[in-house]
Amino acid sequence: MFVPARNAIRLVGLARPRSVLATFSLTRRHIMDSATGGDHRAVKFYGDSQKGSMPSSATASSTHHEAQAPAQPLKASVHAALTPTMKSLSLFGKTVLVTGAARGLGNQMARACAEAGARAVIIFDANEQLGEQAAAELHEQSGVPVAYCTVDVRQAEAIDTAVADVVERWGVPDVLVNAAGIADSNIKAEMYDPQMFRRLIDINLTGTFLMSTSVARHMIKAEKPGSIILVASMSGSIVNYPQEQSCYNASKAGVIQFGKSIAAEWAKHKIRVNCISPGYMDTALNRVAALEAQKKVWTNLTPQNRLGGVHELNGLCVYLASDASAFMTGSNLLIDGGYSCW
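At position 40 of the sequence shown (counting the first as 1) the number is 40 in UniProt numbering, and the numbers step up by one without a gap.
Please keep in mind that the hints were generated in silico from the structure rather than gathered at the bench. Just to be clear, a hint being listed does not mean it is correct.
[What the hints assert, rightly or not] Listed next, the in silico DMTMM-like pairs over lysine to aspartate or glutamate satisfying Cα-Cα at most 20 Å (straight line):
| no. | residue 1 | residue 2 |
| --- | --- | --- |
| 1 | K295 | D282 |
| 2 | K268 | E312 |
| 3 | K270 | E312 |
| 4 | K296 | E223 |
| 5 | K188 | E115 |
| 6 | K87 | E128 |
| 7 | K295 | D323 |
| 8 | K87 | D323 |
| 9 | K295 | E244 |
Using the sequences and the hints given, assemble the complete structure.
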């Protein structure tokens, strides 16, 4: 494994294919990763165009990814042959920033954006090890320049610093996907610890606010249109059963209403904001013995009689990120197998 020097930005394969490793000194650019005990860490970007410069995809797959087919590149020759409708659904030439993309649904959506032709994909995540592995794997499979930065979405100054670095190297992002989030369930409201409540709200709602406003300020200053996608939940619109999760439900309801609010405010800047609200998804975090009984209830209450596949948000994510959805903003789209119909 290549281990970057502390206080340095390492770029591999992000400017020219097969380029030599470039190192840029970093001064006074640190972020606080409170998820790892408040340790200060340098902002670091990774992409893999040289064999052996990053963790292998085999290592990454074995540690954190759901079983899946390798990401496929969208070649320029293929893009050129697409019909106008299919071209409008591509992300060719767009820079995409995805939070919470080291694993799970965020990782799947980052892969989808790469396959849709993104010029570059940047992953922000608090888990440094998984983030590095995810970036290495995605670049190796898709050929798209992929960068990783250790970011805790609760830290405003850290976010602004990291976003500024992205803008300096790739310009203002065309797309932001806010997928970072956590869930607590099976906790009665009257027993909920206030500190746990604040932590979940800070990550799910405040983190979405901080990321969205940080990126939007650059879009507005540059007068650049963009698409911001917020990953909410059907839990923002309904109360789940049988588990008690008042805090999570409140956080996602806040995300949905925040999305509608900034969609209205930023429409004049040609910034579109839409929410994706998943139902019960078959993620690795849900594949634990303690949830088996609840998963049977969830499945039985879903008209399609199954959980969603981890890849089943990808098409909507690409659509919302693409020019095909140019007249769409302020929407909240449910992908829940019909769960919220009943």
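Evaluation of the provided hints:
| no. | hint | verdict |
| --- | --- | --- |
| 1 | K295 - D282 | holds, 9 Å |
| 2 | K268 - E312 | violated, 31 Å |
| 3 | K270 - E312 | violated, 28 Å |
| 4 | K296 - E223 | violated, 49 Å |
| 5 | K188 - E115 | violated, 42 Å |
| 6 | K87 - E128 | violated, 35 Å |
| 7 | K295 - D323 | violated, 37 Å |
| 8 | K87 - D323 | holds, 9 Å |
| 9 | K295 - E244 | holds, 14 Å |
Checked against the numbered hints given earlier, this structure breaks hints 2, 3, 4, 5, 6 and 7; the rest are met.
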